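When you get a sec, could you build the whole thing from the sequences and use the hints?
For the record, the sequence lines run as chains A and B.
Take the first sequence: its letter number 3 is residue 3 in my numbering, and every next letter is one higher.
Take the second sequence: its letter number 125 is residue 1125 in my numbering, and every next letter is one higher.
Please keep in mind that the hints were generated in silico from the structure rather than gathered at the bench.
Hints are not guaranteed to be accurate.
[To be verified] Heads up, simulated DSSO-like pairs for lysine-lysine below, C-alpha to C-alpha not over 27 Å straight-line:
1) A:Lys415 <-> B:Lys1153
2) B:Lys1188 <-> A:Lys415
3) A:Lys415 <-> B:Lys1137
4) A:Lys60 <-> A:Lys228
5) A:Lys415 <-> B:Lys1121
6) A:Lys60 <-> A:Lys11
7) A:Lys11 <-> A:Lys163
8) B:Lys1188 <-> B:Lys1124
9) A:Lys423 <-> B:Lys1121
10) A:Lys163 <-> A:Lys130
11) A:Lys355 <-> B:Lys1056
12) A:Lys130 <-> A:Lys228
13) A:Lys37 <-> A:Lys130
14) A:Lys322 <-> B:Lys1056
15) B:Lys1217 <-> B:Lys1188
16) B:Lys1137 <-> A:Lys423
17) B:Lys1022 <-> B:Lys1009
18) A:Lys228 <-> A:Lys86
Predicted model, so just to flag it, every value in this text is computed and none were measured.
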Amino acid sequence: MTVKVSLPYDKEYVTQFSQGLQEPEWMQAFRLHALEKSASLDMPKPDKTNVSNWNFSDFKHDVSGETIASLTDLPEEIQNFLDHEKEQQNLVIQRNHTVAYGELDPKLKEQGVVFTDMKTAVREHSNLIKEYYMTDAVHVDEHRLTALHAALMNGGVFLYVPKNVEVEEPLQAIFWQEDPEASLINHVLVVAEENSSVTYVENYISHNKEEKTSANNITEVFAKAGSKVSFGAVDNFEAGTTVYTNRRGVADRDAVIEWALGQMNEGDTISENITHLIGDNSHSDAKTVAIGRGSQKQNFTANITHFGKASEGYILQHGVMKDKSSAIFNGIGKIEHGATKSNAEQESRVLMLSKDARGDANPILLIDEDDVTAGHAASVGRVDPVQMYYLMSRGISQLEAERLIIHGFLAPVVKQLPVEAVKQQLTRVIERKVY
Amino acid sequence: MAGSTLEIKDLHVEIEGQQILKGVNLTITGGEFHAVMGPNGTGKSTLASAVMGHPKYEVTQGEILLDGKDVLEMEVDERAQAGLFLAMQYPSEISGVTNSDFLRSAINAQREEGDEISLMKFIKEMDATMDTLDMDKNMAQRYLNEGFSGGEKKRNEILQLMMVQPAIAILDEIDSGLDIDALKVVAKGINQMRNDSFGCLMITHYQRLLNYITPDKVHVMMQGRVVKSGGPELAQRLEEEGYDWIKQELGIEDETIGQQA
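The structure is reproduced here in C-alpha cells:
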C-alpha cells in the first residue's frame, strides 16, 4: 500500500491509519489530538538556522517493505552494518515502514527484555508505551514537527530492560528508507529500569539523491536509578531527505546516559540531543560528530540540563565542513538552581576544509547555582599546518596526513560505537564524504 | 649501502621577516655523528626546522643538497622519503590517531605501494624497539603525543627514528627535559643506529648528551652562523670553559641573533 499525503493531513486518514495498525484507542486519540495541535503550532526555530522553506510536507507516509527470510538476502550496503561473525543477532531491520527482520536472544526474552518494532510494541506493550510515549521527555506541543510526529508516527523500536538486568551484547536497529520518497517518522523508546544496563546502536540509511522526502524521528531514553544506557547512532540519509531528529534522555539518580552520534546525513538536518539529569549523581556524556558537504545546511544542538546534585555532563561536538555547506553547533550546559556540586563541560570544534563553508561553534553555559564547576572550549579553524608538517616530516603525503587528522578529529564517536561493523561503516562513510 | 651526504651551503633563513640564519655551512656524511652546540637563541633549532621544511621558516638564500638533489625544491614528505628525519623538540599532539597507526603509515610511506610492512612484522619490530627504549607498551595505542610527558615525547621521537631508519637524522635538543636514566636509554637507542649508512646531527646546548653519544665533529653556532668547528675535544673544552673564550677569540659581544659582530 502506498499513500501519498500532503499537509494538512486529515483526521480521517489518521484514524484509518491507526485502525489499520490495530492500535489501542488511547493511541488513536493521542494521534488525533496531536494532529489537531499541529495546525496551530509553529515550525521549530533552531538558533541561527531558518527552516521555514525546508521540506517537511512532501513525502509518502505508508510504504511497506518486503520481509526477508535470511540476512544474506539483504543488499550489500545493508549487510555492511552487521556483525556476521555473531551467531546470535539482536537485531531489528525496518524496511520503509514495516519490519523486515527481527531477532532477539531467547535468553534475553526470558529475562523480560523487550526489543521489538514500535507498531508491535504499541499493540503488545500498550501500558508501558502509554506511560512513557511523549509524556516526560518530548512533548507533543513543542512545535509543529513534534505534533506531526505524534500524529503520523510510522515506525521505530521499543527497547525495555527490566530491573537488575544487564544486557551485555549490543542491540541493533537498522532503519532502511528503501523507497526514495518514503518518510521515516520513527519513534525509538528505550526504558532501562533500576540498576539495569544496555547498549543500543541504530543506523539510518537511504539512497534518494534526487527524490524529495523528509524524516521526523524522535528518540526518548529513560534511565532509571542506577542504570546505564549507551546509545550509538549513525544517521546517513541521502541528500533528498530533509531530517528532523530529536534524541532526548532522562537520567534518574546514579544513572548514566552515553550518546555517540555520527551525523552523516547528506541533506538539510536539524538535530537536537537533550539530556535531563534529574537525579543526584546522574551522568551524561554526549558526543556528536558531523560532516557537512555540498550546499547542505545543518543545525546541531546538544544540551545537558542539570537538576540533580553532583550531576555530571560532558558535551563534545566535532564537525568537518566542506564545499559550501554550513552548520551551527550549539553546545548548551544548563545547571538549575539546587544542582549543587554539578559539573558541566563542553567542547565544540569545527574544522573548515573550504573557504566557502561556514561553521559556528556556540558553547553556552547557563548557570543558576553557585556551587558548581563548568568549562567550555570552542574553536573554528583549518587543519593545523604544524600538525601537517609533523606528519609529513615522517614521509606521509599531504593527502594522507590530512586524512589521518580528520579521522582522528572524528574518532571520539567512532571509537565509542559498540558494534565493530558499525564502526567500520562509519569510518567508510567519513572516508567517502571527506574525499 | 654507501651513506648519503647532506650539504648545507650559505643558508640564510627568516621567520616572520626576521633573519635568523645568516650563512650556515655544514656537510654531514653517512657514518658521521655531528654535534651543533651553542647558547640559546643562536639559530640551532632554526637550522633543523629549515632543513625539514617547517612552514614558518623561509629560506632566503643558500642551498641544501641531499646526495646532490635540491632539498629546498622538495615538499616536506618528499624530504622524508629522500632520507631526512628530524626528531623534533616540540612534536605535535594529534588526537584520535594512535601512535601505532601513525608509525605504520610513516613506515609504509617510505615503501613502494604493494610492499607495505605486514602487521605482524610491524608489531614485532615496534615491540622490540619499545623494549630497547624502555617504553610502556600502552604507548602504542595512545593517541600520538597526546598527554605524553616531555620525556615520553622524546622517547617516542627516537622510537620513530629507529623504526623509520633514515639516511640522515637531525635530533633537535633530544636531551632536554630528560633525566639521566632516560638520557642513557635514549642514547643507547641512537648509538644502535650507528653505521656507515647513517649520518646524524645532534643539536644541544649541553655537553652532557655527548658523554653518551660521542660525536665525530662538533660545531658551535653564534649569531646565526657556524663560528667554530672541531673534534670531540671542542665539546670537552666548552664543558670546562663555557662559550666566553670563543666570543673573545672572535670578538663577539652578544652571541644571539640580531647582533652583528
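Hint-by-hint comparison with the structure:
Between the alpha carbons of A:Lys415 and B:Lys1153 the distance comes to roughly 24 Å, so the proposed pair stays at or under 27 Å and holds. Restraint check for B:Lys1188 and A:Lys415: the C-alpha separation of about 36 Å exceeds 27 Å, so the hint is violated. In summary, the hint linking A:Lys415 to B:Lys1137 is supported, as the alpha carbons are separated by about 20 Å, within the 27 Å threshold. A hinted pair counts as satisfied when its Cα atoms are at most 27 Å apart, and A:Lys60 with A:Lys228 does not qualify at roughly 37 Å.
Of the supplied pair hints, the one linking A:Lys415 and B:Lys1121 holds, its CA atoms being roughly 25 Å apart against a limit of 27 Å. For the suggested pair A:Lys60 and A:Lys11, the alpha carbons sit about 17 Å apart, so the restraint of at most 27 Å is met. Only pairs whose Cα atoms come within 27 Å are accepted, and A:Lys11 paired with A:Lys163 is rejected, the gap being roughly 39 Å. With a CA separation close to 19 Å, the supplied pair B:Lys1188 and B:Lys1124 stays within the 27 Å bound.
Among the hinted pairs, A:Lys423 with B:Lys1121 is consistent with the structure: their alpha-carbon atoms are about 26 Å apart, no more than 27 Å. The hinted pair formed by A:Lys163 and A:Lys130 meets the criterion: a straight-line CA distance of about 19 Å does not exceed 27 Å. Note on A:Lys355 and B:Lys1056: the hinted pairing holds, with a Cα-Cα distance of about 21 Å set against a maximum of 27 Å. In summary, the hint linking A:Lys130 to A:Lys228 is supported, as the alpha carbons are separated by about 23 Å, within the 27 Å threshold.
With a CA separation close to 19 Å, the supplied pair A:Lys37 and A:Lys130 stays within the 27 Å bound. With a C-alpha separation of about 26 Å, the suggested pair A:Lys322 and B:Lys1056 falls inside the 27 Å cut-off, and the hint holds. A threshold of 27 Å between alpha carbons decides the hint, and for B:Lys1217 with B:Lys1188 the separation of about 19 Å falls inside it, so the pair holds. Taking the CA atoms of B:Lys1137 and A:Lys423, the gap is near 25 Å; set against the 27 Å cutoff, the hint holds.
A C-alpha spacing of about 11 Å is found between B:Lys1022 and B:Lys1009, which places the hinted pair at or below 27 Å, so the restraint holds. Between A:Lys228 and A:Lys86 the alpha-carbon distance is near 24 Å, which keeps this suggested pair within the 27 Å criterion.
The structure shown violates the earlier hints numbered 2, 4 and 7.
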